[in-house]
Amino acid sequence: MAVLTAAMDAVARWSIPLIFALVLLWGLRKKVDVYNVFLEGARDGLDLAGRILPYVVSIFAALGIFRDSGALALLARLLGPALHAVGVPADVLPLMLIRPLSGGGALGITLDLLRQHGPDSYVGRLASVLQGSTDTTFYILSVYFGAVGIRKIRHSLVVGLLADLMGFVLAVVFVRLLLGTA
Amino acid sequence: MLNVIWVGLIVAGVVTAALTGRLDAGVTRAAFESAKLGVENVIAMTGVLIFWLGIARVAEASGLIESLARVLRPVFRPVFPSLRPDGPALRAILLNVAANVLGLGQAATPFGLKAMRELQACSDQEDPAVASDAMVTLLVMNTAGVTLIPATVIAYRAAAGSHDPAQIVPATIAASLGSTAFALALDALLRRRRR
Numbered sequence: 497m498a499v500l501t502a503a504m505d506a507v508a509r510w511s512i513p514l515i516f517a518l519v520l521l522w523g524l525r526k527k528v529d530v531y532n533v534f535l536e537g538a539r540d541g542l543d544l545a546g547r548i549l550p551y552v553v554s555i556f557a558a559l560g561i562f563r564d565s566g567a568l569a570l571l572a573r574l575l576g577p578a579l580h581a582v583g584v585p586a587d588v589l590p591l592m593l594i595r596p597l598s599g600g601g602a603l604g605i606t607l608d609l610l611r612q613h614g615p616d617s618y619v620g621r622l623a624s625v626l627q628g629s630t631d632t633t634f635y636i637l638s639v640y641f642g643a644v645g646i647r648k649i650r651h652s653l654v655v656g657l658l659a660d661l662m663g664f665v666l667a668v669v670f671v672r673l674l675l676g677t678a
Numbered sequence: 034m035l036n037v038i039w040v041g042l043i044v045a046g047v048v049t050a051a052l053t054g055r056l057d058a059g060v061t062r063a064a065f066e067s068a069k070l071g072v073e074n075v076i077a078m079t080g081v082l083i084f085w086l087g088i089a090r091v092a093e094a095s096g097l098i099e100s101l102a103r104v105l106r107p108v109f110r111p112v113f114p115s116l117r118p119d120g121p122a123l124r125a126i127l128l129n130v131a132a133n134v135l136g137l138g139q140a141a142t143p144f145g146l147k148a149m150r151e152l153q154a155c156s157d158q159e160d161p162a163v164a165s166d167a168m169v170t171l172l173v174m175n176t177a178g179v180t181l182i183p184a185t186v187i188a189y190r191a192a193a194g195s196h197d198p199a200q201i202v203p204a205t206i207a208a209s210l211g212s213t214a215f216a217l218a219l220d221a222l223l224r225r226r227r228r
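Those sequence lines, one after another, are chains A and B. Take the first sequence: its letters are residues 497 to 678, numbered as in the working numbering. Take the second sequence: its letters are residues 34 to 228, numbered as in the working numbering.
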């Protein structure tokens with residue numbers, strides 16, 4: 497277990513710096529105009545930030561009202577014991593509900609949780625893993641099937657939503673196992 | 034569905050605040066303060082998004098995603114038994130998976146849509162509005178979120194002031210591998226049953 501933890505730690509520490517170095521060196525070797533290509537992609541980053549802004553603001557406002565009015569505390573008191581028994585803080589419930597429906601909406605909730613609880617808290621880590629390990633099922637189904645005119649999607653929605661549920665369960669399990677609940 | 038949840042959050046808040054006499058602090062100020070915080074959050078992470086998508090574009094232009102796709106081929110051939118191993122459909126699928134694995138969601142979608150067009154061209158369904166087996170598998174894989182480097186989440190954590198933004202990588206890999214395997218198994222099961 498100690499070896500596993502050390503290996504996991506090394507993956508966590510090295511993955512991003514290695515990608516930076518590897519991608520840029522590979523680009524040079526393949527005679528890519530690295531700096532200009534980087535700038536082209538960077539412009540996409542600005543577009544992306546602009547595109548997610550309305551999502552984030554709309555969700556922040558709705559969540560702000562839901563929390564500051566006392567409604568969240570009420571919901572937490574109602575569902576708290578049941579959720580607590582399976583290791584899910586009530587604050588994370590809205591993220592689980594919205595994750596399959598709206599990527600921008602889920603992102604807004606994740607950012608809100610990171611700010612409220614801190615990125616290195618149990619809630620912050622659980623939200624990060626939930627955000628990173630599942631995707632927006634309804635959005636992907638509509639874009640991909642829509643692009644080729646498919647209307648009979650067979651078992652894809654059922655499997656997609658069950659996989660999301662499995663992803664939530666596994667996120668709770670692995671965050672508790674690898675990072676603890678502190 | 035999203036409409037119901039979003040409106041529900043706001044209406045539940047308004048009703049609760051009205052009953053507890055906190056309409057001003059609980060609703061009006063909460064809405065405007067939170068909206069402002071939303072903008073500040075997006076601005077805080079814009080820098081990281083710009084940098085990361087710059088790196089992503091270099092990875093695409095240098096053929097790094099292509100190389101990863103070649104490495105992944107033996108793993109994913111058995112996942113799509115109905116496809117020709119050297120056909121354009123499987124190639125596009127591998128590029129889509131490779132981009133997802135690197136956490137380059139922006140690059141993954143164009144490859145994914147190309148894969149869907151190739152799959153439609155070689156579909157064995159009589160009705161072109163019905164999804165083929167391979168299409169369902171591709172979508173199920175994408176919705177389960179095959180990720181090894183959750184790059185954007187790391188960026189958000191860094192922007193939120195984490196002392197170790199990448200510490201969630203192992204748990205994220207474990208959860209996404211597990212749910213992807215579960216999705217593929219369930220797909221294989223239901224595919225046979227519905228024939």
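Since the hints were derived computationally from the structure, they do not count as laboratory data. Yeah, the Cβ is synthetic: ideal placement off N, Cα and C, and Gly gets one too. Hints are not guaranteed to be accurate.
Here are the computed distance ranges between Cβ atoms for each label pair [unchecked claim]:
{"id": "1", "chain 1": "B", "residue 1": "Arg117", "chain 2": "A", "residue 2": "Ala572", "range": "22 to 32 Å"}
{"id": "2", "chain 1": "A", "residue 1": "Tyr531", "chain 2": "B", "residue 2": "Leu52", "range": "56 to 66 Å"}
{"id": "3", "chain 1": "B", "residue 1": "Val44", "chain 2": "A", "residue 2": "Gly676", "range": "15 to 25 Å"}
{"id": "4", "chain 1": "B", "residue 1": "Leu52", "chain 2": "A", "residue 2": "Ala517", "range": "51 to 61 Å"}
{"id": "5", "chain 1": "B", "residue 1": "Pro121", "chain 2": "A", "residue 2": "Gly645", "range": "17 to 27 Å"}
{"id": "6", "chain 1": "A", "residue 1": "Ala572", "chain 2": "B", "residue 2": "Val44", "range": "12 to 22 Å"}
{"id": "7", "chain 1": "B", "residue 1": "Pro107", "chain 2": "A", "residue 2": "Leu518", "range": "20 to 30 Å"}
{"id": "8", "chain 1": "B", "residue 1": "Leu210", "chain 2": "A", "residue 2": "Gly645", "range": "26 to 36 Å"}
{"id": "9", "chain 1": "B", "residue 1": "Gly54", "chain 2": "A", "residue 2": "Ala643", "range": "45 to 55 Å"}
{"id": "10", "chain 1": "A", "residue 1": "Ala643", "chain 2": "B", "residue 2": "Gly80", "range": "28 to 38 Å"}
{"id": "11", "chain 1": "B", "residue 1": "Arg117", "chain 2": "A", "residue 2": "Leu518", "range": "28 to 38 Å"}
{"id": "12", "chain 1": "A", "residue 1": "Phe516", "chain 2": "B", "residue 2": "Val37", "range": "35 to 45 Å"}
{"id": "13", "chain 1": "A", "residue 1": "Ala578", "chain 2": "B", "residue 2": "Pro111", "range": "38 to 48 Å"}
Some chain A residues judged to face chain B by a derived CB distance under 7 Å, without partners named [claimed, not checked]:
{"id": "14", "residue": "Val499"}
{"id": "15", "residue": "Leu521"}
{"id": "16", "residue": "Val530"}
{"id": "17", "residue": "Gly541"}
{"id": "18", "residue": "Ala558"}
{"id": "19", "residue": "Ile636"}
{"id": "20", "residue": "Gly656"}
{"id": "21", "residue": "Gly663"}
- State, for the Cβ atoms of Leu210 of chain B and Gly645 of chain A, whether the hinted interval 26 to 36 Å holds or is violated. holds, 32 Å
- Regarding Pro107 of chain B and Leu518 of chain A, is the given constraint of 20 to 30 Å on their beta-carbon distance met? Roughly 22 Å apart at Cβ, these two residues keep to the hinted range, so it holds.
- Holds or violated: is the Cβ of Val530 of chain A closer than 7 Å to a Cβ in chain B? holds, 6 Å
- Message: Interface hint check: Leu521 of chain A, Cβ to nearest Cβ on chain B, cutoff 7 Å. Holds or violated?
- Response: With a minimum Cβ separation of about 9 Å from chain B (threshold 7 Å), the hint on Leu521 of chain A is violated.
- Message: Within 38 to 48 Å: is that where the Cβ-Cβ distance between Ala578 of chain A and Pro111 of chain B falls?
- Response: Since Ala578 of chain A and Pro111 of chain B have Cβ atoms about 40 Å apart, the given range 38 to 48 Å holds.
- Message: The hint says 35 to 45 Å between Phe516 of chain A and Val37 of chain B; measuring C-beta to C-beta, is that right?
- Response: Distance hint for Phe516 of chain A, Val37 of chain B holds at roughly 42 Å.
- For the range 12 to 22 Å, tell me whether the beta carbons of Ala572 of chain A and Val44 of chain B fit it or not. holds, 18 Å
- Do the Cβ positions of Val44 of chain B and Gly676 of chain A conform to the proposed distance bound of 15 to 25 Å? The hinted range 15 to 25 Å is violated for Val44 of chain B and Gly676 of chain A, with Cβ atoms some 37 Å apart.
- Task: Closer than 7 Å between Cβ atoms is the bar; does Gly663 of chain A clear it against chain B? Give me holds or violated.
- Result: For Gly663 of chain A, the interface hint holds, since the closest Cβ of chain B sits about 4 Å away, which is under 7 Å.
- Task: Indicate whether the distance between the beta carbons of Pro121 of chain B and Gly645 of chain A respects the range 17 to 27 Å.
- Result: holds, 19 Å
- Does Val499 of chain A pass the interface hint, meaning its C-beta sits closer than 7 Å to a C-beta of chain B? violated, 13 Å
- Message: Given the hint of 56 to 66 Å, is the C-beta distance from Tyr531 of chain A to Leu52 of chain B inside that range or not?
- Response: holds, 59 Å
Checked against the numbered hints above, the structure breaks hints 1, 3, 14 and 15 and satisfies the rest.
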